[in-house]
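Chemist: Residue strings, one per chain:
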Amino acid sequence: MKKLTVISERCTGCKRCEMACIAEHSDTKSYIFASLSGFEPKTRIFVDSVINKPVPVVCRHCDDPQCVSACMAGCMQKDPITGIVTNMGHEQKCVGCWMCIMACPYGVISPSFDIVQAGKSEFAQAIKCDFCPNRDTPACVEGCPNEVLAVADI
Amino acid sequence: MRYVIIGASAAGAQAGEELRKLDKNSKITIISAEKYLPYSRCLISRFVDGRLKEDNLYFKTRHFFDDYDINGVLDTKIVKIDRTAKRVVSKDDEEFAYDKLLIATGSNPAIPKIDGIDLNGVYFFHSLDNANAIIQKFEKAKRAVVLGAGFVGLESAYALARRGLKVTVIEKASQILPNQLDVTASLIIQKDLESLGVEIILNQSVSFINGTDAVESVTLSDKSMIPCDILIVAVGMRPNKDLAIECGISADKGIIVDEFLRTSDPDVYSAGDVIEIQDISTGKRITSATWYNAVLQGKFSAFNMAGIDRRYSQAIGIQNAVQFHQIPAISFGKTQINEEDEQDYDVISVHKDNVYKKLVLNNGKICGMIFVGDIAKSGFYTALIRYGVDVSEFRSKLLDYDFSYAYFKENTFDQYDPYDPLIF
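Here the protein sequences line up with chains R and E, keeping their order.
To convert, take the position in the first sequence, counting from 1, and add 14; that gives this note's numbering.
To convert, take the position in the second sequence, counting from 1, and add 479; that gives this note's numbering.
Be a bit skeptical, because a hint or two may be false.
Claimed, not checked - In the DSBU-like style, the derived pairs of lysine-lysine whose C-alpha atoms are separated by at most 35 Å in a straight line are:
id : chain 1 : residue 1 : chain 2 : residue 2
1  : R       : Lys-92    : E       : Lys-876
2  : R       : Lys-92    : E       : Lys-621
3  : R       : Lys-29    : E       : Lys-831
4  : E       : Lys-565   : E       : Lys-532
5  : R       : Lys-134   : E       : Lys-844
6  : R       : Lys-56    : R       : Lys-16
7  : E       : Lys-670   : E       : Lys-532
8  : R       : Lys-134   : E       : Lys-876
9  : R       : Lys-56    : E       : Lys-532
10 : E       : Lys-616   : R       : Lys-134
11 : R       : Lys-67    : E       : Lys-844
12 : E       : Lys-621   : E       : Lys-592
13 : E       : Lys-888   : R       : Lys-67
14 : E       : Lys-645   : E       : Lys-616
15 : R       : Lys-92    : E       : Lys-532
16 : R       : Lys-134   : E       : Lys-732
17 : E       : Lys-621   : E       : Lys-702
18 : E       : Lys-556   : R       : Lys-16
19 : E       : Lys-645   : E       : Lys-514
20 : R       : Lys-92    : E       : Lys-616
21 : E       : Lys-831   : E       : Lys-763
22 : R       : Lys-92    : E       : Lys-763
23 : E       : Lys-503   : R       : Lys-16
24 : E       : Lys-844   : R       : Lys-29
25 : R       : Lys-67    : R       : Lys-29
26 : R       : Lys-92    : E       : Lys-888
27 : R       : Lys-16    : E       : Lys-645
28 : R       : Lys-56    : E       : Lys-831
29 : E       : Lys-565   : E       : Lys-616
30 : R       : Lys-92    : E       : Lys-500
31 : R       : Lys-56    : E       : Lys-702
32 : E       : Lys-888   : R       : Lys-56
33 : R       : Lys-29    : E       : Lys-514
34 : E       : Lys-844   : E       : Lys-732
35 : R       : Lys-134   : R       : Lys-16
36 : E       : Lys-506   : R       : Lys-67
37 : E       : Lys-619   : R       : Lys-92
38 : E       : Lys-532   : R       : Lys-43
The set of hints was computed from the structure by calculation and includes no laboratory data.
Let the sequences and hints guide you as you build the complete structure.
Modeler: Structural data, given as structure tokens:
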């Protein structure tokens, strides 16, 4: 199963992974347009800082995902073959109940209200790393200039 | 091996799924008193307000029983457990033999003793049957009263208000969500609900439910009267423990289980709302009707039933994520402190407009939290609570915007470690 690996010592805090993530998950595939769209651009990877040192925090697509156990709609699922954990593309709908956000120890699931404001859905949505289903390599990995992020097959 | 599970909600369905993953050959039977596929009770408010259809409520798939090769027996109420013969018996005398049994009978709404509680138009807000009955009533209904401003009461109030009914919520405590929130947090959520037109009356209870055939009004403790065509009663939950008690299994507030979720009978396990847990955030023995607890207990019980020891620890009674209208909120662990043990706790909070965050600390560890308005990263804090992580060296930073899991990246919280250099 594919997982992200992180060598945080190499990270300079440029946040290009976040920009690449925002672009990839926007309609226009552009960070600039996503930022100007009027909705808050939301990343699914987080370069946090610990006393001025950058540390990328990623979804680890857990083997025993707490977000899946907590999901009361059943939409958050771990794919038994790819191992990818996502709340999108299943029979069940995300209804924005936030149980997954309450349960994720790494804080990498965020609430998004944009889809309701845009009138595209009745419900706000939890958004998280989906391992970029339309790409061979996740956008964050490609966007990183310092090879901090990589994909490992574990 | 024959596994029998009584109950097909969060704990029962999860246990069935896990058992099948662990044991490909055994016979697994899930028996439900309800006639529906496993559905999420937590979603029925969104079904009542019309945003979800019945199909959307099935938290497992529509083919769940087939997919996991489970014998799903619906619309069948179990009335007796015969522990000597190791079988359970239904109301229609159907028998199911077991080698290992899981009691996941859940909880039912508490029924307050009020005159008129049996009138037409008085509903609980617990099951899909309840929801369908309420929807039937909508056409003619204009005004609703909700008794109880707990989680279920407010969910129902929000759903009815979205349907265009005039809704009044009656709560006997001095705040809404008295078990989950403190006063500051409750006022933010109360305003959010009121902005939708929901009226909330605190410090009052219902003395009489008036009407000849159907409910027409309620009389409050201050003698005032509120007309209504629908009354939703949501004053708490009671574990469905009688089945266990009648066959001699130990129970107090709920069914008593050991750390392997085994009851006083070594071949009988129990999980979900029906059991009593030791809350690590308060140290108290309680019952807890929350989805996440039930799923985890279902999972752990399955492992133990299949012979793989898994200790169930980290139990926390209060774990709620809510968003009724516009403002999200999360409460977790010990969120309320009595005056007499105030000196044992250290409280940190920030409050600006609709954003309120509060952490309750005890001996350098977080034991409770309330986040309102901004719930990002809240799971990181709940993990610090569940794992009992000492945070005393970060006390002044705990609610800073940039405080995050990055500070604890050496702590994997029992999952895959992306920072581990050995994986390359």
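Chemist: Against each hint, give a clear statement of whether it holds in the structure.
Modeler: Now the hints, each set against the structure:
1. R/Lys-92 <-> E/Lys-876: Roughly 34 Å separates the two Cα atoms, so the pair holds.
2. R/Lys-92 <-> E/Lys-621: This hinted pair is violated, its Cα atoms lying about 44 Å apart.
3. R/Lys-29 <-> E/Lys-831: Holds - the C-alpha atoms of E/Lys-831 and R/Lys-29 are around 28 Å apart, at most 35 Å.
4. E/Lys-565 <-> E/Lys-532: At roughly 39 Å apart (the allowed maximum being 35 Å), E/Lys-532 and E/Lys-565 break the hint.
5. R/Lys-134 <-> E/Lys-844: violated (42 Å)
6. R/Lys-56 <-> R/Lys-16: Between R/Lys-56 and R/Lys-16 the Cα gap is close to 23 Å, so the pair holds against 35 Å.
7. E/Lys-670 <-> E/Lys-532: holds (29 Å)
8. R/Lys-134 <-> E/Lys-876: The given pair, whose Cα atoms are some 38 Å apart, is violated under the 35 Å limit.
9. R/Lys-56 <-> E/Lys-532: holds (29 Å)
10. E/Lys-616 <-> R/Lys-134: holds (30 Å)
11. R/Lys-67 <-> E/Lys-844: Since the Cα atoms of R/Lys-67 and E/Lys-844 sit roughly 25 Å apart, the hinted pair holds (cutoff 35 Å).
12. E/Lys-621 <-> E/Lys-592: Holds, at roughly 26 Å.
13. E/Lys-888 <-> R/Lys-67: Holds, at roughly 13 Å.
14. E/Lys-645 <-> E/Lys-616: With a Cα-Cα distance of about 14 Å, the restraint between E/Lys-645 and E/Lys-616 holds, given a limit of 35 Å.
15. R/Lys-92 <-> E/Lys-532: holds (24 Å)
16. R/Lys-134 <-> E/Lys-732: Given pair R/Lys-134, E/Lys-732 is violated - Cα atoms ~45 Å apart, limit 35 Å.
17. E/Lys-621 <-> E/Lys-702: Distance of about 22 Å is within 35 Å: holds.
18. E/Lys-556 <-> R/Lys-16: Roughly 45 Å between the alpha carbons, so the hint for E/Lys-556 and R/Lys-16 is violated.
19. E/Lys-645 <-> E/Lys-514: holds (32 Å)
20. R/Lys-92 <-> E/Lys-616: violated (40 Å)
21. E/Lys-831 <-> E/Lys-763: Distance ~33 Å between E/Lys-831 and E/Lys-763 Cα, so the pair holds.
22. R/Lys-92 <-> E/Lys-763: holds (34 Å)
23. E/Lys-503 <-> R/Lys-16: Since the Cα atoms of E/Lys-503 and R/Lys-16 sit roughly 26 Å apart, the hinted pair holds (cutoff 35 Å).
24. E/Lys-844 <-> R/Lys-29: Between E/Lys-844 and R/Lys-29 the Cα gap is close to 32 Å, so the pair holds against 35 Å.
25. R/Lys-67 <-> R/Lys-29: This hinted pair holds, its Cα atoms lying about 13 Å apart.
26. R/Lys-92 <-> E/Lys-888: holds (23 Å)
27. R/Lys-16 <-> E/Lys-645: Not OK: R/Lys-16 and E/Lys-645 at ~52 Å, beyond 35 Å, violated.
28. R/Lys-56 <-> E/Lys-831: Cα-Cα ~23 Å, so holds.
29. E/Lys-565 <-> E/Lys-616: At roughly 44 Å apart (the allowed maximum being 35 Å), E/Lys-616 and E/Lys-565 break the hint.
30. R/Lys-92 <-> E/Lys-500: It holds: about 14 Å lies between the C-alpha atoms, which stays within 35 Å.
31. R/Lys-56 <-> E/Lys-702: With Cα atoms ~52 Å apart, R/Lys-56 and E/Lys-702 exceed 35 Å; violated.
32. E/Lys-888 <-> R/Lys-56: holds (22 Å)
33. R/Lys-29 <-> E/Lys-514: Distance ~52 Å between R/Lys-29 and E/Lys-514 Cα, so the pair is violated.
34. E/Lys-844 <-> E/Lys-732: holds (28 Å)
35. R/Lys-134 <-> R/Lys-16: holds (31 Å)
36. E/Lys-506 <-> R/Lys-67: Given pair E/Lys-506, R/Lys-67 is violated - Cα atoms ~54 Å apart, limit 35 Å.
37. E/Lys-619 <-> R/Lys-92: violated (44 Å)
38. E/Lys-532 <-> R/Lys-43: It holds: about 33 Å lies between the C-alpha atoms, which stays within 35 Å.
In terms of the numbered hints stated before, the structure departs from hints 2, 4, 5, 8, 16, 18, 20, 27, 29, 31, 33, 36 and 37, listed from lowest to highest.
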